[in-house]
Amino acid sequence: MSAPALHVSGTARIGAEHVFGPLTLDAAGGAWTCLLGPSGVGKTTLLRLIAGLDDVTGFAGTITASDGLPLQGRLALMAQSDLLMPWLDVVDNALLGARLRGNRPDRDRAREVLERVGLGDHLHKRPGQLSGGQRQRVALARTLMEDRAIVLLDEPFSALDARTRSQMQDLACELLAGRTVLMVTHDPAEAARLGDAILVMSPDRLDPVAPPPGPAPRAVDDNATLRAQAALLTRLREEA
Amino acid sequence: MRLRGPLPSVLASAGLAIALWQAVVLLAAPPAYILPGPWDVAETLWMARGQIAHHSVYTMAEVLLGLTLGAILGALSAIGLAASPLAQVLLRPMMVFSQAIPVFVLAPILTLWMGYGIWPKVVMALLIIYFPVTSAFFDALMRPPGAWLDLARVMGATRARIMWHIRIPAALPGLASGLRLAAVYAPIGVIISEWVGASRGLGYLILLALGRVKVDLMFATTLALAVFTLLTYALVDRICRRWLDAPSGPA
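Chain order of the listed sequences is A and B. With the working numbering, the residue at position 203 of the first sequence is 203, and numbering never jumps. Numbering-wise, the working numbering comes out as the position in the second sequence, counting from 1, plus 1000.
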């Protein structure tokens, strides 16, 4: 799969109120781009605009894929909350997309994907019987089942404890390889570990920051990664 | 004293109520045609058990039929309203206004239209529970977590499939609370309708006993009716717990 690059350019307003921009965002095809910034700067709004979910914010500009095809139907979304349906078991949650589109649910593939995210022993449990980390693994499996070229991640690991979070980062990085990933995060450590490109967002611009050397996911104790994390945090503190 | 389960509490409470009743009868000494004592009523309940059982069958059938039809109609109406903004605009004010009519005034009209059989009772029960069921389910259908709907939109879901796979299952606990109310309301509708015109049923038996000044039979029938209402509630509650209440664990 050669995933297209994502290009966003424009200004967002709600009524007369300025939200962000004018700014330009380029997420390279098949790479992992981290969008970092303080709360309230409009990261999630930007992500929702790309996903076509924001009916409130007025966006003057363009949101396009590099291959010129429409974005609709080629995106998958994973949010901070796992958004699992409590009445469905793990397999049926992974198959939600197929159900909602009226496609034939491919149960064998769901089992295979759930096996890959390490939930092979929990296929028929309900979300209420799983830990927070396991639930987020189901959400990742559901995202993978969508098999979309572009994946939007909205702080998907921020509610997890540090150990689980780092494991989920490794897993997501491995399984989403080859797709165009745009991840909103407020965690400099996460951006430093995962980003092939890192963008720091402020209300009126997006600044690229050079990611640490080496392929993602970078080791949690890698010196260059830790230095990059510290530099990002310093930068965020200066922005405020 | 340590009590386990609800049964000791229920028995103690019933014992207290009977003691108070007996005390009033002893102290005020009303004539038996005003207030019979608990013993008289218990005796009548036993002696007239065949008669009460015979009439109970009709009342129970009317209540259960009315509940079933009202639940189905109410649930379908709620889904229809939730699915169609046009239906909301046209029908919701009408439904709210219809609630300003005390449902009881319809009982004579229903008897006029449908005669003395079970159907005016069933329809009365249906009418009295229709609004609580529709309203509780509709409110729940209109409040699914927005993030679920966002996810569904990105997945390319149609409105009908979002309704079937997300909004309806998420709203079932709301339907359950409507049905629990309905279980208590339905017998009221049936009894009113039986008073207006019937030749069978517990409401009819109460009026019959009044006409013959068999006050002990009135009391016995009322007790039987209360027990049946509790049983109906227990049945509906069981169904709700089994099928409709929120699945275990947080969403």
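If you are wondering where the hints come from, they were derived from the structure by calculation, not from laboratory data. Ideal Cβ placement from N, Cα and C applies to all residues, glycine included. It cannot be assumed that every hint is accurate.
As the list claims (entries may be wrong) - If you want the footprint, here are the derived chain A segments under chain B, 3+ residues with CB under 8 angstroms:
1) 71-77
2) 91-103
3) 203-215
4) 225-238
Q) Under a C-beta cut-off of less than 8 angstroms, do 3 or more residues of the stretch 91-103 of chain A approach chain B closely enough to confirm the stated coverage? A) holds (count 6)
Q: Take the stretch 203-215 of chain A, compare each residue's beta carbon with every beta carbon of chain B, and decide whether three or more fall closer than 8 angstroms.
A: Coverage by chain B is violated for the stretch 203-215 of chain A (0 residues, Cβ < 8 angstroms).
Q.
Can you tell me if the stretch 225-238 of chain A counts as covered by chain B, using C-beta to C-beta distances under 8 angstroms and a minimum of three residues?
A. Coverage by chain B is violated here, the residue count being 0 at a Cβ distance below 8 angstroms.
Q | chain B covers the stretch 71-77 of chain A, three or more CB atoms within 8 angstroms, holds or violated | A | Since three or more residues must qualify, the claim that chain B covers the stretch 71-77 of chain A holds, with 5 doing so at under 8 angstroms.
Of the numbered hints stated above, those contradicted by the structure are hints 3, 4, listed in ascending order.
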